Every structure is written in C-alpha cells, then in structure tokens.
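Asks: Here the protein sequences come in this chain order: A and B.
FYI, in the working numbering the residues of the first sequence are 10 to 328.
FYI, in the working numbering the residues of the second sequence are 4 to 811.
Everything labelled a hint here was simulated from the structure, so no lab data went into it.
None of the hints are false.
Computed spacing ranges between beta-carbons, pair by pair:
1. A:Val-276 x B:Glu-512: 56 to 64 Å
2. B:Lys-395 x A:Pro-305: 30 to 38 Å
3. B:Lys-123 x A:Lys-93: 45 to 53 Å
4. A:Gly-12 x B:Asn-392: 43 to 51 Å
5. B:Asn-736 x A:Gly-12: 34 to 42 Å
6. B:Thr-738 x A:Ile-13: 31 to 39 Å
7. A:Val-276 x B:Lys-16: 48 to 56 Å
8. A:Lys-93 x B:Glu-603: 29 to 37 Å
9. A:Glu-304 x B:Ile-25: 42 to 50 Å
10. A:Glu-304 x B:Thr-767: 18 to 26 Å
11. B:Arg-22 x A:Glu-304: 38 to 46 Å
The list that follows gives simulated cross-link-like pairs (lysine-lysine, DSS-like), each with its CA atoms no further than 25 Å apart:
12. B:Lys-779 x B:Lys-13
13. A:Lys-93 x B:Lys-770
14. B:Lys-557 x B:Lys-206
15. B:Lys-307 x B:Lys-180
16. B:Lys-395 x B:Lys-358
17. A:Lys-94 x B:Lys-770
18. A:Lys-93 x B:Lys-797
19. B:Lys-701 x A:Lys-94
20. A:Lys-18 x B:Lys-622
21. B:Lys-622 x A:Lys-76
22. A:Lys-144 x A:Lys-18
23. B:Lys-103 x B:Lys-123
24. B:Lys-612 x A:Lys-76
In this text the structure is predicted, and so the values were computed from the model without any measurement.
Cβ atoms here follow ideal geometry from the backbone N, Cα and C, with glycine treated the same way.
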Amino acid sequence: MSGINLKGKVYDIQGFSIQDGPGIRTTVFLKGCPLSCPWCHSPESQAFGSQLSWMSMRCIGIEQCGKCLNVCEKGAITPGEVTKKSGTDEDIQYVHINRKICDNCGSCTEVCYPGGLSMCGEEYTVNDLVDRVSKDTPFYEQSGGGVTISGGEALSQPQFVFEVLKSLKEIEIHTALDTTGFTDGKNIDAVLPYTDLFLYDLKHMDSVQHKQVVGVANEKILENAKRIAKAGGKIQVRIPVIPHFNDSQDNIRQTGEFCKSLGEAVVLVQLLPYHNLGITKYQRIFDDVKVLEAEPPSDEKIQKLKEILEDFGLTVTIH
Amino acid sequence: MYKLKPVPIKVLKMRDKYRNTIPKVCTSRLKIVTDFYQNNPNITGILKRAMVFKEIAEKTPILISEDEVVVGSMASTYRGSALFPENDITWMQADYDNGKLFNRELDPYIIDEEDWEYIKSVIPYWKKNSLSAMVDQYIPEGYFSAVGNQVTVYNSEGICAAPVGHFCSNYDKAIRKGFGAVKAEAQAKMAEMEGHMETDTIKQYNFYRSVVIVSDGMIVLSKRYAAEAARQAAECTNSERKAELEMMADSLNWIMENPARTFYEAIQVMFLYQIGMCLHNNMHGISFGRVDQYLGSFYEADLKAGRTTPEKAQEIFDLFALKVAEMNKIWFSGTTLTVTGYTVGQLMTLGGVDKENNDATNAVTYMMLQTAGRLILHDPPMALRINKNTPKELWEAALETTKICGGVPTFENDDVIIPALMKNGRMNLESARNYCLIGCVEPGGTGDEWPACGGSGGEAYWNMPMAIIHAINDGNNPMTDRYGNKSDKRTGAHTGYLYEMDTFDDVLEAVTTQYKYFLEWQMTMVNMFEVVAAEHMAQPLISCMMDGCMESGKDVMNGGAKNNSCGVPGVGIGNAIDCLAVIKYMVYDHKLCTAKELYEAVMNNWEGKEDLHQFILNKVPHYGNDNEYCDEWAKWLLNLFADIVSSFTNIRGCKFAPGLYPVATNVLWGLLTPATPDGRRKHEPLSDGISPVQQLDKNGPTALLKSLANIPQEKYSNGTLLNMKFHPTALSNETGMAKLEALMKTYFSMGGMEMQLNVVSGETLRKAQENPEEYKDLVVRVAGYSAYFVELFKNCQDDLIQRTELTL
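For reference, chain A alone in the conformation it holds in the complex:
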C-alpha cells in the first residue's frame, strides 16, 4: 500500500498544542518507540501495537454497568475491590484487569460506554489524518503555527510519516517533526524536504551512558543531527533534564558545544526539566508503575544550565 491510503498507528491528536514548535499547533502522536527512557511521560507511546487503557475516574462501577466482565473471552477482567470513588465518599466496585491474560483485543472497549476502557492506538490513513489536522488551518495561519508529528519515535513508521509530511506541505501547512533521531539516515533524507522544523532530542553526549539508560547508543542520533544541519534543515534541540543522568554541567557543556558545531541549523535550545506528572498515565496501561521517580531539578540549577548553553551563543528557553 502506498500514498494517501497508507495507514499509521496514532495514539493521540492534540489541538492547541503550544509547546511543540511555533504558533498554535496540532500534535499527532504516533505509537511505538525503540528507546526506553525511564522518565518517559507517555507510556502509551512505547509499544507498537494497540493497548487496553483503563481510567478509573470514568468507570461507573460493576453495580451500574459491569458489561466488560461478560464480553472478555480470555477472562482477563474480573470484579475488583470495593473502594471509594475518587473525590467522593461513595463506594464503588471497579474491575480488575489481568494484564498477563489480556491480549488487547479491545472487545471490552466496545461495550464500555462511559469510556473507562479504551484502546490506545488507532489506525489512520494518511488522507484521514491530514483531513483531521487541517481542520485547524485558520489557527495555524493566524499564529504562524502548523502540525507537529511526534511519538513515540515517529520515524519508526517512516513511510507513513513521509506521506503525511508531504501531503501537509502540499496544502502549505507548516510542519515540525519531533524525533529522538534514532533512525536510519535515509529516513531523515526522505522527510527533510517536507519538514520545516525538527524538534530534536539530545539526551546525553556520552554514548555508553546513553545506551546504559535509554537502551541505545547515541552515535546514530548525533550523526543524523549533523545530516539535517548539512542539508540546511532547522533544528530545535530539546534536552530533557533528568536528575543524576544528564544534568551535570559537564554534559550540558558538551551538548552546547555539539549544538554550536551544527551552526545556523540550531534555531532554539529548549531545556525540559524532569517532572513527575506521567505516573497516573502508567497506571492506565500497566499494573505497576515503572516510571522514574525523582526530585525535579531546582530552578537555580536549570538557570545555571541555561547560562552554560547561552555561553555558546545559543538561544535557550525553559519549559
């Protein structure tokens, strides 16, 4: 299959996205990522296949509904413990999902009207996706915004991303690609002509530590950044500041040096201080919370790192 009928797996589309590039944007989140960052705030982005998501706050309880118990052929859904409905004194009996048995078939979500159970990961054709995101064109035009393709690692679905970006440029919508950079060079080459801006993660300059923590080495990532710069692409570098991993002044200095070496290509460097808001999202698709729990870095510390980067003549913002 090719062209506009090609399908990709999307787990979220967010309108009025104002942190993912210039102006008012719509961000499309694609499923699947080859990295495994312990601080990842989007656990639903990691796996390539669709997953069952469970949100207790939307469930109305077994007494009122309980239809999911009957439709699960695997027997993965059973009555859970009686507890208090969040924010109230009312008793409620939720369901329990046995993730070891559940095969993410999704039949329970079809009968779940309140939306407690839903499938994370929906297939879109290029055409449908472009139609969907181009609805907000008046806002892009007024604000100098556009569409950001994000992940997971969006370039894990390279053909789909290529077709989407190409179609968006055909209708003159500004495009940004949010990437870890961990992909084959040819995928970068393919999307370069249709990508106005790369939002590019640089997590650690030391390849050994990089591999140790996120599971892959960084050579390919740095190589691809250079490839973009050389081809005249624009890069907005994003540095997640993770306590005890990449927050040393030394590492930030090396990152700054690298950014400087990319020359005119780097339009902005963003520091994204670690926060712990992703934990509840883990509970929706995993039994146990696997996200990194740490103290967020202090404002002073972030300010210092910002100054280090600015010494390289870079424009730096904190988010």
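Starting from the known structure of chain A, fit chain B onto it as the hints suggest.
Replies: Leaving out everything else, chain B in the frame of chain A:
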C-alpha cells in the same frame, strides 16, 4: 512587559473600606418617595416622575466620606442601599416571612429593626401602588395557561421588582453641555408652544416641562454636594485636604449647570449623573458607555496645561471606580442564585473605533485597565472593543489584566458587532461604530438607544432546552415550577409526544411550533409590560440626555430615543443543540433505541437506564467539537430562534434583537429543568453562554471555537457570551500569551463576537471553596459578570469548577 504601578495609600484605604463594609439598608429614599406619592395623588404620569426626582434631589442624604474626591451617594451610610418601592417592595415581606431578610447567606445586608418597622408599615400601600401591581392587572387572559412553563421569564404577579434598565445614556452630552443648557433648550421649546398646542404637542410640552424639573433636580443635587464640601473645608485642619475640599466645592458648584472644565469635573459629572439616574430609576445595568472616549480629551488638556500628572489622574480614576463599586441595592434573596457580589452591571466600555473607523485607543483606555488590575476590582465591569488596529500594547495590557482579575475586561469584536447592529434596521453606521456594551455583554448604542432589555425590565432569559421538552411532551412541563406547583394543564402548544413522531422532520416541526409559541408569548408580555410601564415610569432624566428625545419631545419609554431595540436572550444553547443531535442520532439515524425508550428514560431522569445514558454522553457526537453532525443542528436551531425574535416588533417600532447569554441563570434554570434528551440529569446546570455542555468539549479550544464560530452570531446583535477557562500554566510566559492572543484573533476572524477568560486552575477554585478567607480577592468571570469567587452561590462555584479547563 506590562507593569502595575504602586497604589497610593489613600486609594488602598478606600479599597479596604469597600471590601470590609457590609452594606446597610437606608430608608431615606423610601420615605421621600412614599411621602411624595401619598401626599400627591393628584400628580400623575410624567410630571409625577419628574417631581419625585426633584424631591429626592432636594432631600436625599448628602454624604462626603473621609478622603473622597469623587462624590455622590445612594444612602446615608457608606455603601448603603436605597429602596425602590415604585417598582415593587412586597418581596421584602416575602423574604422576611421565609426568614431570609435578616439571614441572607450571600450578599448580606444590615437592616435596623426600626427601619424594618417603617418598611413593613408602607408595604401595604405599595402593594396597590407599585408598577408590579399595575402591570399585573393587564396580563392577557390567554397567558395564564402558559404560566408555569419555565421557558419564558414572565410570571403572573409581582414581576416588576427589576426596573426598566439596560441602557447607556449620553454622558458625553451631560459632561460637555450640562443640564443648564438642556433646561434652556426645553424652556425655549415650551415658550414656542405656549397657547397653541394640539394633540401630540401637548405631550411634547409635558415632556419638556418634566425636563426642566429634572434638570433643576440635578443642579440642586450638585450644589448640595458643593455646600457640604465647603462646610467640611471650613472645618478641616489638614491643609492638603482643605484645599482638595475647596477645589471640589468649586467644581460641584460649576458642573451640572455648566460644561465640565477638567478631567476631574468630567468624572464627577458622569458619577453624579449616574447617582441621579439610579436614585430616580432603581439600578439595573445602567451602563457608562465609552468612558475613555468621554475622558481622553480632558486628560490630554489637563496634562498640557500642567493641571494634572498621570499619577494624579490615575488616582482620581481609581477613586471613581471604587465609588462605582460601592453602589449596590438589596433585592430579593433569590436573586443571589443568579447574580452575587453586589454587582449591578454598571459596565464601562473601552477601546474600539471612532466615527471614521480609526482605532480610538487613548491614555484613559490604559488607565482603566490599570485600575482594574491594580485594585483587583470586578466592579465596574469593563468591556474592551477589539478591532483590526487594536495596538499590541493594549492586547497585552488587557490579557495581563484578565489574568489578575478574571474576566476583566471582556473582549468584544467590532468586526462582527458593528455589522450586526446595522441589520434589521436597528441603527445606522455612525451609531453602530459608536456602540458600547451594556449590562454584561449586550452591544447597544452609546447615548442614542433605549434598548430596555426585554422581560419585566430585566432580561428575558429564555430557557431553550425547556422548550424542547415541551416539544416532545405534547406541550406539558413535567416538573413542578419554582413555587413548587405542578401544572395540571398544558403550558405550551399541542405538538404530540416524541414517540408519536415518525421522522426527525416531525421533531423539528414540533420544536419550531414551541419556539414560536413561547418566543411570541415572551415578546408579547414584554410589549404589554412596556405599555403599562411607559404610563407610570416615564424617564425624563434619561430622556433629556439621550439622543433623539429632545428633538422629538418624547420620553425614551415612548420611543423618543434615536434607536429602539429590545433584547431577548436564550439560555442553555449547548443542551438544546445536543438534544436535537441526540434524538436524531439515537432514534432516527442509527435506530439505537426507540423514541418511546428515549422519551421514558428522559421522563424518569435516566433512572434504570444508565447504559443508555452513558452511551448518549460518550458515544454520540456533542456540540463544541468541530463536528458537522452537531454543528448543522446548532445552525438550524439558532437560526430558528434568531429569525422568530428578529421578526417581532416592539412597542417603540423597532424589531426585537436576539441574544445568547445567561448571567448565571443557567444554574438557576438548571434547578428547574427536568432531565433532557442530551444526557443532562434533572437539576443539573444548563450549559453556559454559547459554550457546549460542561465537559463535553473534548477536542480542545480550537475545535470548540470552530463550532462556536459556525453558529450565526451575526444575527445576535443583543450579544453572545463565551466564557473560556485556561489553566495558568498555559499562559505563564510571553509565548503562551501570544498564542492565546492568536487563538482569540482567529475566533474573531471566523465570526466570533465576544470572549471572556478565566485564567485559573480548578485546583485553586477548590482550595478557595475550602478556605475562603485566603482567597478573598480571587476574581472570576461567572457569565455576564465577574465576582469575587468566595462570594458566589455554592452551585455556581461548582459550575465554574466543572467547566472544561483548557491547558496544553
């Protein structure tokens, strides 16, 4: 970067006094008016109204409090409340009988025992002599069968506690011409007519005669203040204050009779005229209009002549705003369910364009925002007119102000409002370009229109989903009414039951019938009210300044003003639209349930039908998500409403103007509305303004705004209201602010008329609910008005928390 300047101690002290004074009921006005009415039964009509005003001006207590520079008072104590028996005062007895008069939960008042004894003693007189009493006699026989419908705002008795209101008089004329000139003009007209008057000329003569009397009244009032200022100056030992009082005495002696000479005098005229109108006329949405346009040239001239400094002028404006904030009136306790925080809707407009369509921003525009921001004042409410040339700095100042002071100012779109005002023969281009906002969000003429928003002087907050309930229930209201009565008769038109309707077209036909039935009754009653009120409640003090009246020799109540519309606002738009979409989706398009099933589920408040209820809430398209399925019915319904309203003529010869705003009646109406097909349960609030149903807009602000821009807002010249709530993190830096500005501009370019913002998190609101003391100054936008959050009715607080919060 926008900065708030430090507040002078004097202003801070005044603000503290305002925030810490519980208003006291004052019987002065009640006594003056009661004595006059009881002693002069021979004086009637417009003459009575003029003479009673002069009597008030001569006898009302004169109060100049410590440090006051801008003066004028409704009562004998600071922040006191006057009483208005000519409209209706029987509600006080009712509040006393149900134990609420002395124990108001919200907006409490101090009432002395002996004052209550006096009030009680005159209630029987007013029971037969108030406007309510007279209007009640004229209710058409046929309307009694519609009473209890909970769609229209018009009951069978005691409905005139709200005065005629919602207008903007010509303050600019009062400032620049004065009452001396108006009086002379009236006298000249009378001299011409003496001895040879026929038919209408006699009415004109009586009108001009009343203008002379009220002009004298205004001059007397000002001179009494001058005398008090001079008296205090003579006794004052502080030389600075003494000089200030002497300056005030000099000005108060001069103004009203003569044109104002300075920035201070212009403000003093505006305020004292306001006090005069409120004392005469009860206070209800009497709006100031384009304050920056009246004052800009005075400020520039004073600066140039070295008579003032920016700091000094700012201080005077602060003190003026605090005087406006101080004004309030006690009203029946039930009103606090819809409007609290003592607000009376004395809206000020800023920004906009001039006659030639150039941006009209001036230094006073910024001064007004500075006052709201640095004093955290929700009152006076402010509305900013936006046009394509609104300066960047003004956008910034306004957005920063609304972050501090929720919903102040509101943002009004000239590009949609000006053409809307010119539709349907409402006003010409010059008037439209000079429009202001009235009450809460109603566009109207500045000094040249008598809109007297419909209903019994208040607004006709017409319950849209309730008319749909009538449409599917053969014209019956399944609920008990607000007095606990269940109507045993049909209150609407006979249109059959949902389960008798074979096609969706049948449903639309039933809805059309009920909308026509109830809207025409609503406007009929407004017209009937106006006819009776025009006879007993002439408005010479307003008419003498309002463009058109001096020329025509006619009071505003008789159509003397240049422009003459009248608004009818609908409430619960989101629910009503979703009702149609849900019925179509479930019963006719997808046949997911039968009409009978849906009908019964609704009539039984979804009891035992949770599955169906959840499906409707979560699986059916809802308005506000940029979804064509709903947006098509949004358009259909709002065209229907607008077309019926704007084809009906008021007694002043102009068409009615449709609006879409609720104040907080969406909460009150919700309590009185049964479950609705859109999935709403009985008693839950209706949706707010033109917003979707609370929490059913799931695609973020861009999709929401596209849905709202799709409705025919250009037909709603009485105003539309959109309240958006943003989490503070979305707007914590300049980039976020720029993106918000772009969001608003896009909405405006797509046809949006109005927007107001709350930048506050649900978490903060919940904390404020738990610890009100710590959040005393948290101002939030409720609907058509802002208020201190902690002073709101609990259901209203909950409704605010429930509204979708837009973040990243």
